[in-house]
Amino acid sequence: MGSNETFTENEEAPTYAPWIPVPNVQELVREDPLQVPQRYVREPENRPEVTDMSHLSSLVPVIDLSLLLLGNKEELNKLDLACQDWGFFQVVNHGVAKELLQKMKDAAAEFFELPLEEKNKYAMPSDDIQGYGHAYVVSEEQMLDWSDALILVVHPSHYRKLKFWPNSPTGLQEIIEEYSNAIRKVATELFQSLSLIMGMDKEALLGLHKQLVQGYRVNYYPPCSKPDQVLGISPHSDSSTITILMQDNDVCGLQLKHNNEWVPVNPIPDALVVNVGDIIEMWSNGKYKSIEHRAVANDNKARVSYATFLYPHEEAEIEPLNHMIDPKTKQQIYKTVKYGDYLRNSMKRKLEGKAHTEMAKVETLA
1 MGSNETFTEN EEAPTYAPWI PVPNVQELVR EDPLQVPQRY VREPENRPEV TDMSHLSSLV
61 PVIDLSLLLL GNKEELNKLD LACQDWGFFQ VVNHGVAKEL LQKMKDAAAE FFELPLEEKN
121 KYAMPSDDIQ GYGHAYVVSE EQMLDWSDAL ILVVHPSHYR KLKFWPNSPT GLQEIIEEYS
181 NAIRKVATEL FQSLSLIMGM DKEALLGLHK QLVQGYRVNY YPPCSKPDQV LGISPHSDSS
241 TITILMQDND VCGLQLKHNN EWVPVNPIPD ALVVNVGDII EMWSNGKYKS IEHRAVANDN
301 KARVSYATFL YPHEEAEIEP LNHMIDPKTK QQIYKTVKYG DYLRNSMKRK LEGKAHTEMA
361 KVETLA
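Take 1 as the starting number for the sequence shown in UniProt numbering and just add one per residue.
Just so you know, the hints here were simulated from the structure itself, not pulled from any lab data.
Do not take every clue at face value.
[As the list claims (entries may be wrong)] Under the rule of at most 35 Å between Cα atoms (straight-line distance), these lysine-lysine pairs were calculated in the DSBU-like manner: (1) Lys289 x Lys328; (2) Lys121 x Lys202; (3) Lys98 x Lys210; (4) Lys335 x Lys226; (5) Lys287 x Lys301; (6) Lys335 x Lys287; (7) Lys98 x Lys161; (8) Lys257 x Lys202; (9) Lys163 x Lys78; (10) Lys210 x Lys121; (11) Lys328 x Lys338; (12) Lys361 x Lys121; (13) Lys287 x Lys163; (14) Lys330 x Lys163; (15) Lys73 x Lys98.
[Said to hold, decoys possible] DEER-style ranges, computed between Cβ atoms: (16) Lys335 x Val138: 45 to 51 Å; (17) Gly340 x Asp299: 39 to 45 Å; (18) Asn298 x Asn93: 38 to 44 Å; (19) Asp228 x Lys73: 42 to 48 Å; (20) Asp341 x Gln142: 39 to 45 Å.
From the three backbone atoms N, C-alpha and C, an ideal C-beta is built for every residue, glycine too.
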């Protein structure tokens, strides 16, 4: 990423957080499609609501990246409002070839169809979250999510732990590489526009990262015989700068919290879903919102989602930008934190809304 890559390739690939091994959900369903073990059954108040909020899905902002790249004022204004009001938007005309999106989906689907012993060759070690398994499992009593995942750090390349990159199906590694490069290009273009709406020159945001780091998580949500009692992923906000998600075109599952309602983000074919992460919220001193979101299961179809997390180098100091603090009140919501400390703190806890952001808040406001 040019001049902001100030760290050397001698750096060791970081480890992030320990976790406790738990059963493979896909295998549970294979063995008995009707079985839903008690550890997955949510308390009634935490279950997906029966009320259908899908009529609100069409209100989730849609941003045209090709217009942003032209500096279109109207589209920049839409981006500004999307980050303030929703913390989420869908991106169209993003330049990633439809064929590449499909290739990624096909290869990942093939990986998850492999026998468990084959996938377990890439199992997460107990002291880190790269590999195949489950992250954010920190206690034996914890309620579990109805999903399995493959998690990799893809950029910079010396952070990769290639023993966790599946070489089956053939070509999957190359497809992940090609897809990740294309998504990183979209991210850097979005950073330029986000820099502008945050009152900076367009390369500023990328520079604040010290070095752009990119993680990739493919989530597999098997069908569930009692989808109204489980969650695919617990409510949380992302500890990234931004997250870029590719959804299946025909299976809904992602929901975001808006005005205390859970709004489904229905897929737009070939669009990418982008959400503001905690780091943009911190840099903007709370102007732009890192919103809670979750995934729900359904009873007849598996769903796969493909999340790319863009975040700063772990030595980067994160704090509200001076010009984003209201000059009248001078009230600073967030204090200065080292990104690596913030990330590890969030990964050592279960997913629980925005509870993990408290460590970065100024005490008087916590």
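- Item | Structure versus earlier hints, numbers of those that do not hold, lowest first | Per hint list: 2, 4, 5, 9, 12, 13, 14, 16, 18, 20 violated.
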